[in-house]
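Q: Assemble the complex: chain U is given as a structure, and chain D must be docked to it using the hints.
Those protein sequence lines, which keep their order, are chains U and D. Residues in the first sequence are numbered consecutively from 469, following our numbering. Residues in the second sequence are numbered consecutively from 123, following our numbering.
The hints are simulated quantities; they were obtained by calculation from the structure and are not laboratory data. Incorrect hints may appear among the rest.
[Said to hold, decoys possible] Reference listing, derived: stretches of chain D covered by chain U, where coverage requires no fewer than 3 residues with Cβ under 8 Å from a Cβ of chain U:
| id | segment |
| --- | --- |
| 1 | 135 to 143 |
| 2 | 147 to 155 |
| 3 | 173 to 180 |
| 4 | 211 to 221 |
| 5 | 224 to 232 |
| 6 | 259 to 271 |
[Unchecked claim] Just the calculated beta-carbon pair ranges, DEER-fashion:
| id | chain 1 | residue 1 | chain 2 | residue 2 | range |
| --- | --- | --- | --- | --- | --- |
| 7 | D | 164 | U | 719 | 29 to 35 Å |
| 8 | D | 249 | U | 634 | 52 to 58 Å |
| 9 | D | 230 | U | 693 | 53 to 59 Å |
| 10 | D | 149 | U | 652 | 44 to 50 Å |
| 11 | U | 610 | D | 192 | 17 to 23 Å |
| 12 | D | 275 | U | 632 | 35 to 41 Å |
| 13 | D | 192 | U | 563 | 52 to 58 Å |
[Unchecked claim] Derived coverage of chain U by chain D (criterion: at least 3 residues anywhere in the stretch with Cβ under 8 Å from a Cβ of chain D; other residues may be distant):
| id | segment |
| --- | --- |
| 14 | 614 to 622 |
| 15 | 666 to 675 |
| 16 | 696 to 703 |
| 17 | 712 to 722 |
Fair warning: this is a prediction, and the values are worked out from it, not measured in the lab. Glycine included, C-beta positions come from ideal geometry on N, C-alpha and C.
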Amino acid sequence: MGTNMMREDSLVLALEGEISLEAFAQAIKHFQSLVHALTKEISPQAPITWHIEDLQGASAVTTVCGSSSDSQAVPGVVSGFWVVGQSLQRKQVIPYSEAVRRPALALAQNLDNSIRAIKFETHLGEAVIAVQPQEEEITGKTFAWGQVKGIAQTLSSRRGLKLTLYDPIFDRPILCFLREDQQEMMRGVWGKRVSVIGKIGRESEKKRAVVVFDIQQIEILPPSLPGSYRQARGVLAQSAKPHPEKILRRLRDEE
Amino acid sequence: MKSDVQWLYWDANVFLYYLNGQPDVIPIIEALFEEVQASRGRKKIATSVLSKVEVAYLQQECETQQFQKEIEERIDTLWQDDSVIELIEFHDGIALQAREMIRQARTKGFSLKPADAIHLASARWIEAYEIHTYDDWSRFSDMVDCPICTPSATQLSLPLKTVNSIPV
Numbered sequence: 469m470g471t472n473m474m475r476e477d478s479l480v481l482a483l484e485g486e487i488s489l490e491a492f493a494q495a496i497k498h499f500q501s502l503v504h505a506l507t508k509e510i511s512p513q514a515p516i517t518w519h520i521e522d523l524q525g526a527s528a529v530t531t532v533c534g535s536s537s538d539s540q541a542v543p544g545v546v547s548g549f550w551v552v553g554q555s556l557q558r559k560q561v562i563p564y565s566e567a568v569r570r571p572a573l574a575l576a577q578n579l580d581n582s583i584r585a586i587k588f589e590t591h592l593g594e595a596v597i598a599v600q601p602q603e604e605e606i607t608g609k610t611f612a613w614g615q616v617k618g619i620a621q622t623l624s625s626r627r628g629l630k631l632t633l634y635d636p637i638f639d640r641p642i643l644c645f646l647r648e649d650q651q652e653m654m655r656g657v658w659g660k661r662v663s664v665i666g667k668i669g670r671e672s673e674k675k676r677a678v679v680v681f682d683i684q685q686i687e688i689l690p691p692s693l694p695g696s697y698r699q700a701r702g703v704l705a706q707s708a709k710p711h712p713e714k715i716l717r718r719l720r721d722e723e
Numbered sequence: 123m124k125s126d127v128q129w130l131y132w133d134a135n136v137f138l139y140y141l142n143g144q145p146d147v148i149p150i151i152e153a154l155f156e157e158v159q160a161s162r163g164r165k166k167i168a169t170s171v172l173s174k175v176e177v178a179y180l181q182q183e184c185e186t187q188q189f190q191k192e193i194e195e196r197i198d199t200l201w202q203d204d205s206v207i208e209l210i211e212f213h214d215g216i217a218l219q220a221r222e223m224i225r226q227a228r229t230k231g232f233s234l235k236p237a238d239a240i241h242l243a244s245a246r247w248i249e250a251y252e253i254h255t256y257d258d259w260s261r262f263s264d265m266v267d268c269p270i271c272t273p274s275a276t277q278l279s280l281p282l283k284t285v286n287s288i289p290v
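Isolated chain U, as found in the complex (with noise of 0.2 Å):
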């Protein structure tokens, strides 16, 4: 559901990944804890009645509506509950007591190889809390910072931000993780050739990269116009030595 289309007095909780019924019971169960907590901390004076609006199975999405005597309660809690949901996306204190920092942070604890991102949703705006790489995409690779150069091909904020390289000497996809506040990055990039700046894993064995983390830099690189490769052609002639591999070859011995 788009933020512009939302009512003002819901609030979405959308879960993505293959969710077990255990993890969609925990996870609801820590969103009805923030809920209450919210209501309790931001309108104590005005109860709130919150109902289920709207279910969706398919990506786990539960909607609430408050209803309340006090027409500023709930506008104020689902102003809370997007606050929450922005400082989880930011890592960022809560501002809030810790009744009810402790559900938003035991809902954010709930991404694991179930639940892979949680998106808190209101008329305000969307909050993402993605999934930290799995296990088997760090295990058994060796991580150094460096660059990577291809094609970007699949861009998908499905499960984190994520974004696809089809490296030039293999043909293999590269996988690079972005966080929530990167998303700028990933404009415009779609079937460019780009470099990518990051922490690159590369398999034991081959030693292809096969994901980055930690991307400093997305950079879209000048396309080439193919043959432009001979405007170098004699550059050099004017300071040219001959025998360049003579010339290497003291550079390449000096001690």
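A: This is chain D only, laid out in the frame that chain U set:
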């Protein structure tokens, strides 16, 4: 499919001959470039990013800064032309391979310098079908499982016309 690309590895000195415009060598290099371009991605030239630095070592001997900037831009057109060239990043896999090659060379009584080892390891990493160099690397060919030779082209191209030493 791109994964079926045949990789021809070039040592930095091959590029330097091209940049120097050495008349006796240019037709061969030009013919190889054209052969690669005509293959429409089935064949490509690869080199380590180290070649960029080694080329810059010679480039520094150019006279003025303004001249250098212009030269740099023209050299960059070579590195950026991905229709013919791919640069191989230096990474842990290549470092380990290079280390192993240096060790192997020592047991055979050769000295393999780090820069040479990085080039050879890069060529091995991409499984190059042939390595071209004007240096004497023949003693290392069994380490890379492919022939090492000086560039040669089956079909030599005609030399390009030049105006004020700029090819057109």
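Q: All hints, please: hold or fail.
A: Status of the hints after comparison with the structure:
1. Counting residues of the segment 135 to 143 of chain D whose C-beta sits closer than 8 Å to any C-beta of chain U gives 7, which meets the bar of three, so the coverage hint holds.
2. For the segment 147 to 155 of chain D, the proposed coverage by chain U is satisfied: 3 residues have a C-beta within less than 8 Å of a C-beta in that chain, meeting the threshold of three.
3. By the rule of at least three residues with a Cβ nearer than 8 Å to a Cβ of chain U, the coverage given for the segment 173 to 180 of chain D holds, with 3 such residues.
4. Proximity of the segment 211 to 221 of chain D to chain U, defined as three or more residues with a beta carbon under 8 Å from a beta carbon of that chain, is established by the 6 residues found.
5. Counting residues of the segment 224 to 232 of chain D whose CB lies closer than 8 Å to any CB of chain U gives 0, which falls below the minimum of 3, so the coverage claim is violated.
6. Three residues within the 8 Å Cβ limit are the bar, and the segment 259 to 271 of chain D against chain U gives 0, so the coverage statement is violated.
7. Between residue 164 (chain D) and residue 719 (chain U), the C-beta spacing of about 34 Å keeps the proposed range 29 to 35 Å intact.
8. The supplied range of 52 to 58 Å is broken by residue 249 (chain D) and residue 634 (chain U), whose beta-carbon atoms lie about 18 Å from each other.
9. Judged by the Cβ atoms, the range 53 to 59 Å given for residue 230 (chain D) and residue 693 (chain U) is violated: they are separated by roughly 45 Å.
10. Between residue 149 (chain D) and residue 652 (chain U) the C-beta distance comes to about 49 Å, which sits within the given range of 44 to 50 Å.
11. Between residue 610 (chain U) and residue 192 (chain D) the C-beta distance comes to about 41 Å, which lies outside the given range of 17 to 23 Å.
12. A C-beta distance of roughly 37 Å is found between residue 275 (chain D) and residue 632 (chain U), which places it inside the suggested range of 35 to 41 Å.
13. At roughly 56 Å, the beta carbons of residue 192 (chain D) and residue 563 (chain U) sit within the given window of 52 to 58 Å.
14. Three residues within the 8 Å Cβ limit are the bar, and the segment 614 to 622 of chain U against chain D gives 4, so the coverage statement holds.
15. For the segment 666 to 675 of chain U, the stated coverage by chain D is satisfied: 4 residues place a CB nearer than 8 Å to a CB of that chain, which reaches the threshold of 3.
16. Figure legend: the segment 696 to 703 of chain U, annotated as covered by chain D; annotation consistent (8 residues with Cβ-Cβ distances under 8 Å, at least 3 required).
17. Counting residues of the segment 712 to 722 of chain U whose beta-carbon sits less than 8 Å from any beta-carbon of chain D gives 8, enough to reach three: the coverage restraint holds.
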